[in-house]
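*Asks:* Chains as they are written, first to last, in the working numbering: chain A, 1 to 312; chain B, 313 to 529; chain C, 530 to 997.
Incorrect hints may have been included.
[Unchecked claim] Not the full set, but computed from the structure, chain A residues with beta-carbon under 7 angstroms of chain C: (1) Trp194; (2) Gly198; (3) Thr203; (4) Ser216; (5) Ser228; (6) Arg229; (7) Arg233.
Hints listed in this document are in silico derivations from the structure and should not be mistaken for laboratory results.
For each residue, glycine too, the CB sits at the ideal point set by N, CA and C.
Read off the chains here:
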Amino acid sequence: MAFREYKIGCIMFGIALSTSMFVTIFLPGLDISRIGSTEEALKKQLTYGWESAFNYYDPFLLGKDKPIKVVLTKDPETGKPIDKTEAYVFTAGTHFPDGLTHDNIMGTKQLALSKSKGLLAQATEKRGGVFLVDVDVTTGVPYVEFATATKGWQVAATLKAADVRIHAGSGKTMFIREGCWWCHTLLPEETQDWQSFGRPPVTGDFNGESPTSFGSDRKGPDLLHVGSRNSSREWMTMHFFNPRLVQPHSIMPRFNYLWGKADINGKVIDRQKWDRDFMAYARGDTPYPPAVPIPARNSEARYIIDFVLNLK
Amino acid sequence: MSWVFSRPLYSLSSKDQNKEAQYIWEHESLGGIAENNNPLPRPVIGLLVLTFFTAMMLTMPLYGQRPTAAIFADYVTLMNSSSVQKVLDDKTLTHAESDAKAMKLITTSLEKFESPYNFQREQHHITMNQLRMVAPQIVELQRKGVDLEEYTIVGATVAKATFFSIQPDGTIINKQPWWDKGYTIAIWWFVIFAFSIIIAVKRLPHFTWAPDHTIAH
Amino acid sequence: MLKYLLAKEEDIPQGSAAIFFGVSSICWFIIGTGLGSFNASKLAFPDFFHNVYWLQFGHMRQVHVHAVIFGWIAMAFAMSMLYITPALGNTKLWSEKLAVWNCLLYNVGLCLALALLWSGMTSGREYSDHIWPIDLYIAFVMVVPWSLNVWMTILNRRTQGIYTTNWFFAASMFMLIIIFLIGNLPEFFHLTGLNEAYMTWWFAHNVLGLLITPVAAAITYYIVPKVTGNPLYSHRVGHLHFWAIVVFYSTPAAHHLMSSPLPEWLKSFASVEGVLILVPAIAYICNIMLTMQGKWTMFVTNIELKFALTGVFLAIPLNMQGGFQQTRAINWYIHGTGWIVAHAHLALLGFSTFAEASAVYYGMQVLLRRKLYSYSLANFHFFMLLIGFSLYWISMTIAGLIQGAAKIYEVPYLDVVIAEHPYMIVRWLGGTMVFLGNITWLWNMYMTARVGTVVPVGRLPHELAYER
C-alpha cells in the first residue's frame, strides 16, 4: 500500500472483518450446533415454551403462549395411580419450543428416539397435547414422549388430574420483564461457584432456550439451582412481597405489585395499609409483621414464584 | 502498486511513489491539521513484543482450563486402595485432618511415577471432598471403557469436554489436540497481522524523512 | 430545528445538525446519568420510592444503559462526526437536511425505544435489549442516514488524503451497521441456546469495541493536534492503531463467557486476542502523548485538552484491566462482580465520555462561533465528572474484589450484600456528582450560546482569552 491508497485499504478492511467474523461466529457456530439436547435442555424447553422475551404472540410480556408444567400421581386417562410424573401441557395453539420443530437443536439420537418411541411426529401446535421427557434405559439418550399419542392423555384431563400446576413458563417471562437477571445470574461458574450455587451447566443444556438470560452482573446469588437450595413456597412468597421480611439486609426490590388487585380469595390487597403495619412492626410497635397475601392463581406473582421454585 | 524488495525493511515503495507521496503530504491542508512521519519509539516496540508474549504465556490453554478426568483416574484408584482407606477410617483424626492426610498420601505416591499428567496435576489441585464426588462418575466411565481425556471435571460433575477435534476419518472427538485450535489460530492471526502492518507501513515514505508543514499553511 | 426540516438544503446554515445533536447529547447525558444516580440509590436503599411501580430497578436499569449509550455517547459521536468530518476534508457536510432529519428521528426513535424498554418490552439480551422492530429502526433510520452523511462527506472531500480520524469514523459506522444486523440475528431469526447467548455477547463486545473505543480515540486524534497546533506524532502509528482495532478488537467476544460451556478453543482464542487489545491501546496512547510534546501546559490551561487527555489517561487503566481481566487465570475471580461494572464505567464514563465531552465543548464553540461562557463552570463540570467517576470506579472495584473473595470462601451471599453496602452508597454519591455536574454543563452551554464572546472569523475559540 503506497501512501493513501484507499481502495486497497477498503479491501484489506473487508478481508480482516470478514475473516474475523468467520473465525468468531461461523466456526464456533458449527461446534455449538453439533451438540444435541441434554435431558435438562428438553425439560427446560418444554417448561418455557417458544420464547420468553418479546415476541409476536406475547408482545407485552404477560406470560401468554406458555405451556403448563404439571405433576401427576394418577393417570389422567384411566385414573389409576402412577409414579410421580412431570408432564408438560401445551394447550391448543401454544407454540412449541425450537427443539421440537428444528431437528438439529433436538439432536440426531434424541430425535430418532422421540419419533420411534415418543411418537413426536403426531404432535401439532394447533391441537396441542401433553409431553413427557424420558431417558432411554439402554443408551442413556433423553427423548420427548408425546403422551397424547402414546398414552392418550388429553390436555383437559391432564390439567384436571394434576396435583400441582407449575406456571414456570409464564414465570420466565416475568423473570425477563422484571429484570431479575440484572442482578441474578443463571450460570454457576465452572471454577469456584459450584460449591455455593450447584452444578454448572454443560454445552447441551441450553438447546432451544431463548433468551438464555445468563446475566452478567451479580448483585444477588446465582439462581440456576435455587429451587434445590430453598423449596419453601411460603418463604418465596414473603420474599417476593417484601424481601426485608425474611432477609433484613437484602437489597432486592419489592415485587408486591405482581400480586395484582386481589389475593387468592378475591380479597383486595391494600398495600398502603400493609406498609403502615409493616412499619409498625419494624419500629417494634407490633410483635408480628402483617400477613403476606397468597397470590391469586393467575397472578404474575404466582408465575414468578413457580418459576423460581422450579429452578432445581 | 509496484513493490520494491531491494531493502524490504527500509521501504517497499519506489522512489517515484515516495516523491509523489511526499509532495501530497506536504502540500495539502487537512482542515488545519498535519501529520508527522515518526517511527514507533523503540521502547514502545519492546512493549508490543512483551504484550504478545504475555498474551501467549498468560492464556496458554493449560492455565485455568478445566482439567480432564484422565488426570484423576489414578487418584480414584488410590483412594479406594486399602492404605488410603485406612487413613480415611482413622478414628483418631478429624475429618479435615484425615482428608488432608489421605490426599497427601495419594499425591506423594503418584509423584514417584512418571506420568504425562504430572504437570496438569500440579495445576489442578483437588480436595478429598471433590474427589469423593467425582470418583463414582470416573469409575462409571472407566467401566464403559471410554477415553477419559474426552471428559472434564466441572465442579462436582464429570462432563463431556467442550473440545471438538476433527479426526482424519471425519469423526469428531472431544479431546484437546496438543495444538489447541484457538491457540493456533491466535498465533497465525498475529503473524498475518504483523506481516500486513509491516507491509503497509513500509510502503510509506521512510521515517528519516520529516514532512515540512510550513508549505500547506 | 423544525423550520429546517422542510427548508432547502442551501438555506440551512452549515453545522445546524451538529448543534442539534450536541444539545440533544447533553440533554440525554443529564437524563442518563440522572437515571443512573436514581438506580444507584435503589441499590443502596432498596425501599426508596418503592411504591412507585414504574420506578422499579429492573425496569430502569436498562433505560439508564441505553439512554447513556444511544443518547449521550452515540449522539455526541454524531455531533463530532458531523463537524469534524467536513472540516478534515476541507468541504461541507454532504447533506445538512438529511442530518437535521436524522437528528429529529434519532431523538424520536430513542424516546420510543426507551419507553418500550421502561414498560418491560425487552428482548432479554443485555446491550441488545431493544425488541427487534426497534433494532431495525435503529439500524436503518438512526444509523444508516448518519453513516451516509459521514461516508459521502469523506467521498466528496477536497483533499487527496483522509486524515486518521476519518478512517476511524467511516470504518466504525460501517462496522456498527454490520454488528447491529449480525448481532441481532438471534432476534430476527429466533436463534436459541448457546448460539443466542454467544451472539448476545458478540454484539455487546463489538458494539463497544468497534464503535465506542475507536470513535472516542478518533475524536482525540482531532482535538489534540487541532488545539495544540502540533502535527499528529505519527501517521504510521495511526496505521498500527487502526488495523489493530479491526483485527484484535473484533475477535475476543467469547471472553465475556469464560465460565460458560462454550467450545474451549474459542475461549483460548478470545483470551489471547483479548490481551492483544493492548496493541492498539499502546499505539494510540503513545501517539497522543507524543503529539503533546512541548504543549503539556495546555493540559492545565485549556478545558478541551483537559477533557481529552483525561480520557486518554483513563484509557491506560481501561486497557490494562480489559486485557488481563478476561484471561482464564484472572477472570474467575472478578467475573460477574462489581469489578466489571466499574470497568464498564471506566470505558463509558471514563475514557469515552471525557473524550466526547472535549469534542462537544470544542464543537459547540466552533459551530456557535462563541467563546465558552465560563471557564470556572467548565472546570467545575470537569472535576464533578472526574471525582464522581473516580468515587464510582474505586468503590465498585473494591466491591467487586469483595465479591470475588466471597467466591473462594463460599460466603453466604447475604453477607456479601452487607459488606457491599457502604460501597453502594459511595457509588450513588459518585453518580449523583456526575449528574449535578452535567446540569452545570447545560447551563454553561446555554449561556455560551446567549452571551458568549463572539469568535472572529479566522480565529479559533481557544485562542481567545476569557472575558470573565
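*Asks:* Next step is simple, just say for each hint if it's right about the structure.
*Replies:* How the hints compare with the structure:
Interface hint status for Trp194/A: violated, as the beta-carbon distance to the closest one in chain C is roughly 10 angstroms, over 7 angstroms. With a least beta-carbon distance of about 12 angstroms to chain C, the hint placing Gly198/A at the interface is violated under the 7 angstroms criterion. At its closest, the beta carbon of Thr203/A sits 4 angstroms from a beta carbon of chain C; the interface hint therefore holds under the 7 angstroms criterion. For Ser216/A, the interface hint holds, since its Cβ comes within 7 angstroms of a Cβ in chain C; the closest pair sits about 6 angstroms apart.
Taking 7 angstroms as the C-beta contact cut-off toward chain C, the hint placing Ser228/A at the interface is violated, the least distance being around 15 angstroms. Proximity of Arg229/A to chain C is violated relative to the hint, the smallest CB-CB distance being about 11 angstroms (cut-off 7 angstroms). The beta carbon of Arg233/A comes no nearer than 20 angstroms to any beta carbon in chain C, farther than 7 angstroms, and the hint placing it at the interface is violated.
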